[in-house]
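Using the sequences and the hints given, assemble the complete structure.
These protein sequence lines map, in sequence, to chains L, G and E. If you read the first sequence in the working numbering, its first letter stands for residue 1, the second for the next number, and so on. If you read the second sequence in the working numbering, its first letter stands for residue 1, the second for the next number, and so on. If you read the third sequence in the working numbering, its first letter stands for residue 1, the second for the next number, and so on.
Since the hints were made in silico from the structure, they are not lab data. Some hints could be false.
[To be verified] Below, simulated SDA-like cross-link-like pairs (lysine to any residue); rule was C-alpha separation at most 25 Å, straight line:
id, chain 1, residue 1, chain 2, residue 2
1, G, K79, L, I249
2, L, K338, G, E147
3, L, K101, G, P26
4, L, K205, L, R191
5, L, K195, E, I43
6, E, K330, L, V44
7, L, K205, L, T128
8, L, K188, E, W46
9, L, K313, G, G19
10, L, K192, L, A293
11, L, K308, L, S157
12, E, K42, L, R146
13, E, K144, L, H51
14, L, K192, L, G314
15, G, K37, G, V22
16, E, K42, L, F143
17, G, K146, G, R129
18, E, K42, E, L71
19, L, K61, L, G335
20, L, K188, L, R242
21, L, K195, E, Q48
Predicted, not measured: the structure shown is a model, and the values here were computed from it.
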Amino acid sequence: MTTTKFIDIDFSKIESDRMRLNVGPQHPSTHGVLRLEVELDGEVVTNVIPHIGYLHRCFEKIAENMNYQQVIPYVDRMDYISSMNNELPYVMAVEKLLGIKVPEKVEYIRVIMAELNRIANHQIAVATFGLDAGAFTPFLYLFRDREYILWIFEKASGGRLLFNYFWVGGLANDVYPTFKEDVLNIVKQVRKTNKEIEELLIYNKIFIDRTANIGVLPADVAINYGCSGPVLRGSGVKFDLRKDDPYSIYDRFDFDIPVGTGEVGTVGDCWDRNIVRMREMEQSCRIIEQAVAQMPDSGDVQAAIPKKIRPPKGEVYFRAENPKGELGFYIISDGKDKPYRVKGRAPSFVNLSVLPEISKGYLFADLIVILGSIDIVLGEVDR
Amino acid sequence: MTYEEIHKILKEKFGDSVGELVNNPPSDPYVEVSAEKLFDICLELRDNPELDFDYLMCLSGVDFPENLQVVYHLYSMNKKHKFVLKVTVPKDNPKVPSIERIWRSADWHEREAYDLFGIIFEGHHNLIRIFLPYDWEGHPLRKDYKEPETYHGMRVPY
Amino acid sequence: MEVFNIFDKLLGENILSALVSVILPLIFLIIYALIAILGELKISAWIQERLGPMRTGPYGILQPLAEVVKLIQKEDIVPAGANKLLFNLAPYIIFAGSFAGFAVIPFTAAFVPAEINIGLFYVFAVGAFAVIGIVMGGWASNNKYSLLGAMRSASQMISYEIPGALVILSAAVLANSLDMQKITALQSGPFWNWFLFGGPGDWSKIWILPFTVLLSLIYMVSSLAETNRTPFDIPEGESELVAGYHTEYSGMKFAMFFFAEYSNMFIIASILAVVFLGGWNSPFGSFMSGFWWGIFWFIIKAMFIVFIQIWLRWTLPRVRVDQLMYLGWKVLLPFSLVCFIFISLYRIVY
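Pasting the structure below:
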């Protein structure tokens, strides 16, 4: 399938007065409080300067004054739409420092929760991406489904958005009795809606025209900029920490890594980044099904850990595959009950830095689509 | 490649600028390098086909009681190996060469370290604050940081 | 000449009959706008598996009234750097342009507010008036988003007038008239006499049948673009331009833009209904036809087209500005030209 080339004019050759447009911090499609200083030549973007920090609360400084367990709620608030995925690398980093192993059941529940949250995150990403392109209805279909996932989280942890569910050495509490059935129902529902979304949005001619061949990010540039997650995989790089640097029990499951193939345009365009997210939801469904089948019914949900967590002196960098990319925590312990230094390597922060590189020379409407395809959460960018 | 092999290659090439490999689990092994040679070492790490570190995972500043430290976590997409570099600089003259030209991801990470720790990355094309307002005073992640009473007439402590 | 305005007959050709002829469409427009707003809310809710407004009145049917009351109460803000005169004038110019179109809409066989024999041409002329208002409002707001929206809107509306006008020209060639009342009257009889199906005539019209169907589709698309409805709502594309040319407007002035949009939707729907769907004619020949049935059929047909516009809005994504121009100049214009030539040839031969 090929797309029509609409304009064969080289915009860079047409010179006119430049206009500086301030997009944000309050703007419908900056996905939070991001401010973009855009230089426009007519409708063509000639430069973009992102200004971030409007949500900065210096989580790293706060973490230095909290003990290890108390940091978890702050970690939740980094990427607030995939909190389970944020907690996972943090607790695993601390567990690695402590040198403890969590019970089998905990590992399975963590994986199921993380994958459910990955689906929820990708649903928001695809929904808001559609909204950026002007399609409102798929947005509500996906939000309806996300609600079902949030119900499971609410039943299990008590929170809809910020869970504080994964604790160092285990979980806050065990899951409820009908957990497995609920999860399998969700998987069914997600597959059904995804099929609908593919027909309604993904393969819509207008949507393809809007997103294919736009914001092309070549693989080498993506790696050099440190991009990860769907942004990197959209450029055709088969890199997923769940496979390439396995953590938890991901090596026990059979799943594929979807990559961008340039199905309707160029490899690494906005459409590819979006379709990677769609396909990843399917892979997450597969992981969940396998995990539910293998999960032991009984068992402890807390490993035996000392009451006060005092890791030995040392440092650890632990990374995990967040829905948005590689989320790493660099924790330095000085032997006390509070971390000496916690650094969060936020995927949105790094992915956003590539925006000026890939949006030059496209039209202003494309800039919004490109920004939507990167899928940032400002809570994580600003930390 | 293991940490030891990578360390050996670097040691052969750069001699005394590369420190000993420190390995005490569960911490990741790391190598201290001198600030003067950092840029060349990073270039070697990226461009040597045996090492092929094309991905800078993380760049973190750390404030120790005596000095400041910058930690580089590197990864190779093709060879799937990791490496950790550390650079220690004194507090009164915290200057580290910028590696932004080698890995573009260092651009914002270095701005962050400058913003929060006051580490100056020499050769960075646009070393300005990234999270805090451009006219903010002080570097909050330093252990001796005292937050100002007011900022433009607004009370800061909340 | 036959007198089409029933009030001229009843009251005589004086100022009173003229007033009644003007006020009736205005009342109709207000009622229609309230219904259309409610329709938009409810249809979008239905498409999106929501309930829509449910609190104001039974099933939320009073919601549009509540919104009007809210808009009237709102503070009327004029930005500090705005050109006050043009800023205040713009919404009324836009509304005046769209309301003026109602002058020639034939609601039924015996009532058209102003009887002129170049009705179609007139609708197009006053419809183009809206561009002035939009550019005026966009420029006077002293806001870059408004300016960008106005620039886009001007190029878009002017580009899409051309295929639209060609469609109307073809219809005029077929009907031998620009008078909307005459065009409607020509299509009397069963529904295969509508111009959508080639118009009245013998079996030879089978030659132009594909062209008339295509023409009606072209008019549908280009009129969507002319009224800035999704998928062509790029002048106010909220994800990039916040609200386009009416970013800075609030209160009643915003309501005027809103009102003008709905009234424009009805005007293009009624042009489509008159030119291609037989206007106030019953689809079943003489069955269910007459003065009151005429009003019924006309409004049903127009509302169906308004429904299609709402339906499209909640289904499709938005196109980009260059894609819009591509569609207008490189797709719709050649196709409408081809249709026009074939229909003219048909008229010469038969």
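With the threshold set at 25 Å, check whether the alpha-carbon distance from L/K205 to L/R191 stays at or below it. Answer holds: L/K205 to L/R191 is near 22 Å, not above 25 Å.
Next pair to validate is L/K195 with E/I43; report whether the Cα-Cα distance is within 25 Å. holds (23 Å)
Distance restraint between L/K195 and E/Q48, which requires alpha-carbon spacing of 25 Å or less: holds (16 Å)
For the pair we were handed, G/K146 and G/R129, check the Cα-Cα distance against 25 Å. Status holds; Cα separation ~18 Å.
Need the status of pair E/K144, L/H51: alpha-carbon distance at most 25 Å? Answer holds: E/K144 to L/H51 is near 19 Å, not above 25 Å.
Please verify whether L/K192 and L/G314 have alpha carbons no more than 25 Å apart. violated (48 Å)
Sort out whether G/E147 lies within 25 Å of L/K338, counting only the CA atoms. holds (21 Å)
Assess, step by step, whether the Cα of L/K61 is no farther than 25 Å from the Cα of L/G335, and give holds or violated. holds (18 Å)
If you draw a straight line from the CA of L/K205 to the CA of L/T128, is it 25 Å or shorter? Judged against 25 Å, a Cα distance of about 18 Å means the pair holds.
Would you check the hint for L/K188 and E/W46, treating anything up to 25 Å between C-alpha atoms as holding? holds (24 Å)
Given pair status - G/G19, L/K313, alpha carbons within 25 Å: holds (21 Å)
Check whether the Cα positions of E/K42 and L/R146 lie no farther apart than 25 Å. Given pair E/K42, L/R146 holds - Cα atoms ~23 Å apart, limit 25 Å.
Hint 14 alone, counting from the list given before, is not met by this structure.
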